[in-house]
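The listed protein sequences correspond, in order, to chains Y and A. Add 1329 to a position in the first sequence, counting from 1, and you land on the number used in the working numbering. Add 2 to a position in the second sequence, counting from 1, and you land on the number used in the working numbering.
Treat the hints loosely; a few may be bogus.
Partial list, derived from the structure: chain Y residues whose beta carbon lies under 7 Å from chain A [stated by the list, open to error]:
1. L1346
2. P1357
3. L1358
4. V1360
5. R1425
6. P1439
7. I1440
8. V1442
9. P1443
10. V1458
11. W1461
12. L1465
13. L1476
14. S1480
15. Y1562
16. T1584
The set of hints was computed from the structure by calculation and includes no laboratory data. In this text, a Cβ means the ideal position worked out from N, Cα and C, and glycines have one as well.
Take a look at the letters that make up each chain.
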Amino acid sequence: MRGDPLDYGRCWPLRLLLAATLAFLYLPLVVLVAFSFNAGRRVTVWRGFSLEWYERLVRNPELLAALGNSLVVASFATLLSLLLGTLAALALWRFRFPGRIGLERGLALPILVPEICLGVAFLVFFARVVPWPTGLPWPLSLGAIVLAHTSFLFPFVAILVRARLESFNPELEEAARDLGAGTWRALQDVVLPHLKPALLASALLAFTLSLDDFVITFFTAGPDTVTFPVKVYAMVRFSVTPEVNAVSTLLLALTALLAWVGVRLQARLGGRPS
Amino acid sequence: MRGRTDWRREAGPFLALIGLPLAWFLLLILVPLGAVWALSFAINTGVASIEVTGTLANYARTLEPTYLGILLKSLALAGLATLVSLGLGFPVALAIAFAPPPWRTPLLVAVTLPFWTNLLIRTYALMAVLRDEGLVNRVVAALAPDLAPLPLLYHDVAVVVGLVYVHLPFMVLPIFAALDRMDRSLIEASLDLGAGPLATIRHVVLPLAGPGIRAGVLLTFVPALGSYLVPDLLGGPGSQMIANVIERQFRRADDWPFGAALAFVLVYLTLLALALLAPRRPAARA
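Given these sequences and hints, build the entire structure.
Set out below in structure tokens:
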């Protein structure tokens, strides 16, 4: 039967290519995880199962400190970018003002401009324009990184929240106002609940992107404010050992956990329309 | 169509909403980028002093053969990676779009999932596979024992493979979205009228997937052009891309004005790619 449009799905070269692509995407990661449990020093020859490299990690204070830094930076940057992104989205959605289009386009800059350019921009900014004081106590010493991360994250939040606002029924807000709610009250009680799924998705995206970021942090981090990817980068450059594999496996597990929590929460929000 | 309220009618709430994000945008996005832009017209006057003179010498230097070569090489590597991603991504998106319905979402998630994992880790994973004693060479050695290990790593090939590996989800997703929206009866009509499956792809599916392909090409090419980690870790001394040269000017050579000019050449190239490829209608926003 030739008339079936599902023919493309049954076509074996396509299926083979799909399988090969998935193998291409996942095989390196599988190999990486597998060799984190290798007993030998090499990352290519299997010498039996061992947790040796994970034990080493736990005893590596620099790496643990870097992981701590990354989690602190990601948490603060996520909170700040949720706040800024939501405010920006609400203002752009709700009001007509001179420069609205310009601001909307401008907010796309951190998404469009290559990471390396943002990285050097923050390097110049924190070195020349507004020098970030050194020697601050932790976690204030991470401030420059948090500010830089927030700058490239909050436009993503603004876009996601804006997209969600498009599906908001403005009559609901009008009804609230007819019933006597002021602008704030209406935003808080009617608009914000509608935004919940977008806020959750934004938080997940922001946290993951912050945790993932290497290039921008590389230019903003000082010797005492090394984040996890910057530390892992130094390890990768220095040597390829199963220890790096173990670190990477832990980070993969953390990301998977985050995604799982996000999907669960999203399902719960979706199942109960507000 | 809901009208927007003029800000003067509710000035208080408006200023409360816009104040913080606007201030942040100006101070922490525009000022840093503006500072680099200003630097690109400056000269080094001493060890640590820089003077903005409005000179174009830094931009002129980006056109010297060494740097022009790196610029062209970056465009070529990113372009090649985009082509390979398209060649791979289109059939993959097609296979997913026409897979049996219960398979569609899991397959889509499977293609997207790597995007959520750390870029550095994905690059490192690829390093281990491409090394002389890596997985690929061990398979090659098993098939052809006489062959010397293929020098895959620290080579332009590794950079292109790495760029494809990292950006493939960005190619597949928009093409899938376009194919998913497509009216299937058009394909049926084409097949009923006697066109073969390949002719149908060429004359019906490809044009309909056009906006998705443009978006995919844009989303792959732009980040590939500005890649730092992939050429840094997978490339050899000869496969450095523009981002690596920028990094060197800022962190090692300490020639900030020249680095700033290179950074803005990259920004201009990005904006040019956007102008050429960006969807005309906001409906096709990625």
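Which constraints among the numbered hints does this structure fail? Numbers only, ascending. 7, 11, 12
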